[in-house]
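Chains as they are written, first to last, in numbering that gives the first Met the number 0: chain X, 0 to 328; chain L, 0 to 213.
The hints are simulated quantities; they were obtained by calculation from the structure and are not laboratory data.
Just so we're clear, the structure is a prediction, and the values are computed from it rather than from any experiment.
Backbone N, C-alpha and C fix where the C-beta goes; we use that ideal spot for every residue, glycine too.
Be careful, since some hints might not be right.
Part of the chain X face toward chain L, derived, beta carbon under 8 Å [what the hints assert, rightly or not]:
{"no.": "1", "residue": "Ala-41"}
{"no.": "2", "residue": "Pro-48"}
{"no.": "3", "residue": "Leu-212"}
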Amino acid sequence: MEELYIQKILQYPWLSSEEQATLAQQIQAQPEWWPLLEALQALAPILRPLHPRFDEAVSEELLAYYLVTRCFSEKLVSPEIRAYFKALEVELQTNTALQQRLQALALRLQELMKDFDASQHFAVLTGRSFEAVGGGEAPKVNDTKGGSEESIEVKGSLRPARAWSRQGRRWRWVERGALVVVLLAAVYSALAVWSRHQQSDLERLGFISPALLETDTYRGERAETSGPEAVYEQAVAQLRQAYVSVLGLFPHYRRAPLREAAVLLEQVVVRPDASPLLRHQAAFLLGKVRLLLEDVPSAQQAFGQALELDGPYAMEARRVLEALAELEP
Amino acid sequence: MESFFKLQTIDTLAYRLPFSLDDYVRVGELYVRWCRFQTSEDQEVLEIWLYCYVLRYFLIKALQNPKLSTVELEALVGETFLRLRSNLDSVRHPERFVAWVAKSCKNAFSNYLRRIKRSARIEVDTEEPVEMPIEGLPEHDLPLLVSVLVAAIGRLPDFLQDVARLVLLERLSYEEISQILRKPQPTIRVYVHRALERLRGDLELQEFRAWLET
Chain X
0 MEELYIQKIL
10 QYPWLSSEEQ
20 ATLAQQIQAQ
30 PEWWPLLEAL
40 QALAPILRPL
50 HPRFDEAVSE
60 ELLAYYLVTR
70 CFSEKLVSPE
80 IRAYFKALEV
90 ELQTNTALQQ
100 RLQALALRLQ
110 ELMKDFDASQ
120 HFAVLTGRSF
130 EAVGGGEAPK
140 VNDTKGGSEE
150 SIEVKGSLRP
160 ARAWSRQGRR
170 WRWVERGALV
180 VVLLAAVYSA
190 LAVWSRHQQS
200 DLERLGFISP
210 ALLETDTYRG
220 ERAETSGPEA
230 VYEQAVAQLR
240 QAYVSVLGLF
250 PHYRRAPLRE
260 AAVLLEQVVV
270 RPDASPLLRH
280 QAAFLLGKVR
290 LLLEDVPSAQ
300 QAFGQALELD
310 GPYAMEARRV
320 LEALAELEP
Chain L
0 MESFFKLQTI
10 DTLAYRLPFS
20 LDDYVRVGEL
30 YVRWCRFQTS
40 EDQEVLEIWL
50 YCYVLRYFLI
60 KALQNPKLST
70 VELEALVGET
80 FLRLRSNLDS
90 VRHPERFVAW
100 VAKSCKNAFS
110 NYLRRIKRSA
120 RIEVDTEEPV
130 EMPIEGLPEH
140 DLPLLVSVLV
150 AAIGRLPDFL
160 QDVARLVLLE
170 RLSYEEISQI
180 LRKPQPTIRV
190 YVHRALERLR
200 GDLELQEFRA
210 WLET
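Work out the full structure, taking the sequences as your base and the hints as a guide.
Written out as structure tokens, the structure is:
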């Protein structure tokens, strides 16, 4: 009987008022228990709300507290708080009605948090933003009924946060890429300017643009192997071989192929069976080649011929001749 | 009952906290230190804790009030957090910082409920059918209550702490406690008695009780 009293006194804060009154009467005859009862009576206002009866409406707050707490990281829940929820967890194992209430609250929580990104919200309010932590577990899809079929799909609730995060990462990569491109462009421009300054006046005037080295035959027919066109093509092939450059920077021409090209172009210029247009092109190219070989008088002569023969490069030949005249001391 | 989904976006913030959300002793220490030195590191941790506390408070309330939408929740959390943040240096008793935060949250939620009731009444006056919001504010702030008790148990002598935890937090019987702690039941009874007597005389607990009653 005494054991029963002792146990009941311990439950005092959670008894109904009638039960409390009955218990107080019952132990009036046992003054050794009065101090314990008085201590519990004094603490009752604090202790009673801690463990509401599960059929009371006020237990809704306990369920909500439990649910929200468990949704926070384990790290943030102290062992004491975990211990506090043990009684509820024991009850939940057998109490179907309680499980259903918790399930309903879990759905409500999912609905509330579907479009709510706490990190973003905090960042907006304070201007402080944080990367997602690596140590955090991936969001789980779980249930509140210990593996029952009524599992809660919560992936949707995390979508906005993940989308923000993905978008943020993507933009960071785009920004980094753009920065790299800008840096490369700046470096290339600087090198191009330097490369241009490294060139002599003759090299600059003698530069042969790739367009000059394009040859085409009428309707794609192969040129004759021994005709002036063929010789011109051989000269052009030598010029292509002569050109050396890295990414268009620091261009220079190897002398041996240049000399080969010069010989071939001289042949084209004087060949009577070559068309005037071909001879004009050959003379102009010859002028450029001789400039690159630093033979200015011969170059002037070749440009003069190109001018005489008239054609698409006549104006350019005149401009080079004028530039050469200015260079003369 | 072990498995639950995580609120990842809260985790991202809360992982920055060097203590658990309910460790009010360390929160109090942090606040006192911030008041003295005002370092940006302390300020950051304080703001994160404050935000997480306010968010958790209103999430618990929102779960019990189906009328409260995500937008309203966000607004309540944002407004309350900003108000508290801007008044951080105006807490008269730094040792009661957590109680100050808790009370502010409670007031903010009371004001929200009052606003809702008022607007519902206006709509009723205009003869539009409105569903009245769920009944008022629960009497207690359960997370605060639990944490205050946990802190009070932490102030007990070591040999009484386990007994107090098992009796008051887990509500175990003498027999169960005796088995867990491997001590005879009469010893457990004496320990329980002493623990309760000490808690009854705990000044902070008395103060909190007085605050609850006001």
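Evaluated hints:
Because the closest C-beta pair between Ala-41/X and chain L is about 5 Å apart, less than 8 Å, the hint holds. The criterion of a C-beta within 8 Å of any C-beta in chain L is met by Pro-48/X, whose closest approach is roughly 4 Å, and the hint holds. Checking Leu-212/X against chain L: minimum C-beta separation of about 61 Å lies over 8 Å; hint violated.
Violated hint: 3 only; the structure is consistent with all others.
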